[in-house]
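Enquirer: What follows is each chain in one-letter form.
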Amino acid sequence: MVNPSIEAVDLTKCYNSFCALSDLSLRLEGAKCVGFLGPNGAGKTTALKILTGLIRPTKGKALINGIDVQEDKKAALSTCGALIETPEIYPALSVKEALMMVAEIRGVPSAARKDAVMKAISEVKMEEWIDMKCGKLSKGMRQRVNLAAALISDPMIMLLDEPSSGLDPRGMAEVREIVKGLKKKDRLIFMSSHLLSEVTEICDEVAILDHGRLLAYDTLERLTSALSVGNARECEASFSRDLSSDALKEIGSTEGVLGLKLVEPRRLILSFEGGNEAQERILAKIAGLGVGLIAFKSSSSALEETYLRLVKDSR
Amino acid sequence: MRIENVPERAIPRSASQLKTIAKYELTNYLRSRRFYVLLAITLIISGLLTAVVAYYRPSGFLSSPLGFYSSWWGLAVTYILILSGIFFGGDAISGEFQNKTGYFLVVNPVKRSTIYAGKWAAAFIASLAVFGTFTVVTVANGAYYFGLDVPYQFGLSLAFSVLYLISILGVTFFFSSIFKSGSISILVTAILFLFALPLTQSLVSNLAQMEPWFLITYGAEIIGNVLKDPYPAHIVTVQLGRVTFTTYNAPILNGIAIMAAYFLVCAALGMIIFDRRDFS
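If you read the protein sequences in the order shown, they are chains A and B. Count the first sequence with full-length UniProt numbering and you get residues 1 to 315, in order. Count the second sequence with full-length UniProt numbering and you get residues 1 to 280, in order.
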């Protein structure tokens with residue numbers, strides 16, 4: 001089995017004098033989830049469209065598992081599931097028929113086809129609407145079917161363009177769970193999103209794009225630490241009960257902690273320095289205090305700050 | 001990190017994918033309102049012809065089996081073929097862009113030419129269903145008046161009609177791949193086949209006194225001409241006073257060549273355009 005990879009080599013897309021994407025070079029390899037961030041019009045969808053053969057680059061190459069998408073799209077996308085924008089589905093086909101069509105096109109063997117479709121439908125929680133005509137589905141439901149279509153052949157690479165777009169909060173949470181499930185199955189996921197909290201929660205690495213140019217690509221931790229003041233990092237801790245002032249004092253006195261912000265009685269944002277070692281030490285200390293620690297994660301505000309700084313600097 | 005738990009799966013050959021796309025596209029067509037509208041139009045035309053011939057018993061229709069098929073078939077078949085082409089081919093490709101259905105299909109490991117051909121095959125079969133209905137009603141009426149003595153020329157005309165349908169769909173798919181709006185591509189093909197081409201043919205042959213060998217409608221005249229006995233001469237000149245009028249009738253081989261050429265050129269161009277167009 002090959003090591004999954006997505007590669008953009010000097011990828012450029014211009015429409016007359018306007019360039020939506022300029023010399024994007026990026027290589028993603030191995031099982032991980034990479035968030036693709038950028039303001040509206042930054043070129044994220046353009047890049048994903050080139051990677052899926054929806055548009056042709058003006059210059060450069062898009063490679064999936066080393067195969068040029070423009071030269072041999074069929075082979076390049078053979079192990080890749082994609083959801084770009086919010087596709088419409090043939091209105092007179094039922095959900096099941098639409099997914100059967102995709103399963104047949106993708107080469108799911110006939111004996112396994114029905115099971116594959118049922119599994120994909122169940123993953124997106126659409127069992128109840130399996131026989132409903134696609135033309136009668138709401139936008140959110142259609143997006144679930146589209147996601148099911150991308151999942152249907154259990155691809156090793158997933159290209160997702162704002163997959164939770166058009167979904168209600170419950171649907172968004174379900175999409176996050178699906179992507180987390182894919183991570184557990186060691187897939188390579190490249191996902192654009194405007195939701196920084198979503199990216200913080202599920203992505204290992206982040207690529208930030210603006211004006212068609214790649215501003216940064218690194219792990220979430222390295223990116224937020226490298227761009228934070230004095231190497232400071234932020235984490236968010238949640239508790240099952242209100243924090244006492246003694247507990248706050250104790251946490252604040254931990255080596256490396258630069259500041260505390262109690263945003264809610266049970267939610268604390270800590271800024272600290274010292275990298276992963278310090279993070280490990282602080283987490284152990286809080287857990288040892290027996291103050292009801294239930295969650296400890298990188299703060300999405302850290303990514304937000306990093307993102308805003310990068311995007312601001314590029315303007 | 002290498003991924004080990006992904007099922008090894010061979011993507012089907014293009015011919016198999018074409019069959020899949022045609023199957024589901026056809027299902028979509030056969031459940032669509034436009035299919036039933038076209039079927040209703042065909043049944044209304046067939047019903048009117050049946051009623052008029054039964055009531056008025058026109059001599060042109062009932063003089064001989066060949067005369068019957070010539071009058072009945074020649075009156076309506078080209079319109080039914082053109083309407084089928086417009087209904088099923090007019091927005092077949094442009095709809096993929098306008099309605100964003102292309103985003104559902106094109107991101108899969110399938111060549112765009114396969115999608116194009118699959119959709120064309122579905123449109124052809126759906127059109128054949130409508131055309132077949134008209135053929136059945138025609139033969140049923142012919143059998144009522146003349147028994148099962150169907151002249152062989154009707155078989156030829158039927159074959160030429162199928163060829164005309166193939167070429168019409170080739171042209172409509174070509175226009176459909178040019179425009180991003182479904183309604184514009186439908187309008188353009190409707191104007192082209194129902195007005196522009198017949199008008200151009202009339203102007204070229206009657207005023208310019210030139211053989212309109214480059215027009216698909218001229219080639220399609222073999223559908224009606226083959227039902228005439230004898231087959232009309234290639235060039236017919238009529239002298240009216242000082243003015244000479246020349247009319248042209250495409251010989252059978254020329255007619256076949258014109259329709260086949262339209263299909264081949266339009267299908268190739270349409271596929272190239274669809275293959276290169278951006279979904280943006």
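Derived from the structure by calculation, the hints contain no laboratory data. This one's a predicted model, so the numbers in the text were calculated from it and none came from an experiment. For every residue, glycine included, the Cβ atom is placed at its ideal position computed from N, Cα and C. Check each hint, because a few of them may be wrong.
Sample of chain B residues facing chain A (criterion: CB under 7 Å; computed from the structure) [claimed, not checked]:
#, residue
1, Pro12
2, Thr20
3, Tyr56
4, Gln98
5, Tyr103
6, Asn108
7, Pro109
8, Ser113
9, Val265
Enquirer: Does each hint hold? Answer for all of them.
Expert: Taking the hints in turn, this is what the structure says about them:
The beta carbon of Pro12(B) comes within 5 Å of a beta carbon in chain A, closer than 7 Å, and the hint placing it at the interface holds. A hinted interface residue such as Thr20(B) counts as satisfied when its beta carbon comes closer than 7 Å to some beta carbon of chain A; here the least separation is about 4 Å, so the hint holds. With 7 Å as the threshold, the beta carbon of Tyr56(B) stays out of range of chain A, its nearest partner Cβ sitting at about 41 Å, so the hint is violated. Below 7 Å, beta-carbon pairs count as interface contacts, and Gln98(B) has none with chain A, the closest being about 9 Å; its hint is therefore violated.
Proximity of Tyr103(B) to chain A holds as hinted, the smallest CB-CB distance being about 3 Å (cut-off 7 Å). The beta carbon of Asn108(B) is positioned within 7 Å of a beta carbon in chain A (closest approach about 5 Å), and the interface hint is therefore held. Interface hint at Pro109(B): satisfied, since its Cβ lies 4 Å from the closest Cβ of chain A, which is below the 7 Å cut-off. Because the closest C-beta pair between Ser113(B) and chain A is about 10 Å apart, greater than 7 Å, the hint is violated.
Taking 7 Å as the C-beta contact cut-off toward chain A, the hint placing Val265(B) at the interface is violated, the least distance being around 24 Å.
Going down the numbered hints, you'll see the structure goes against 3, 4, 8 and 9, while the others check out.
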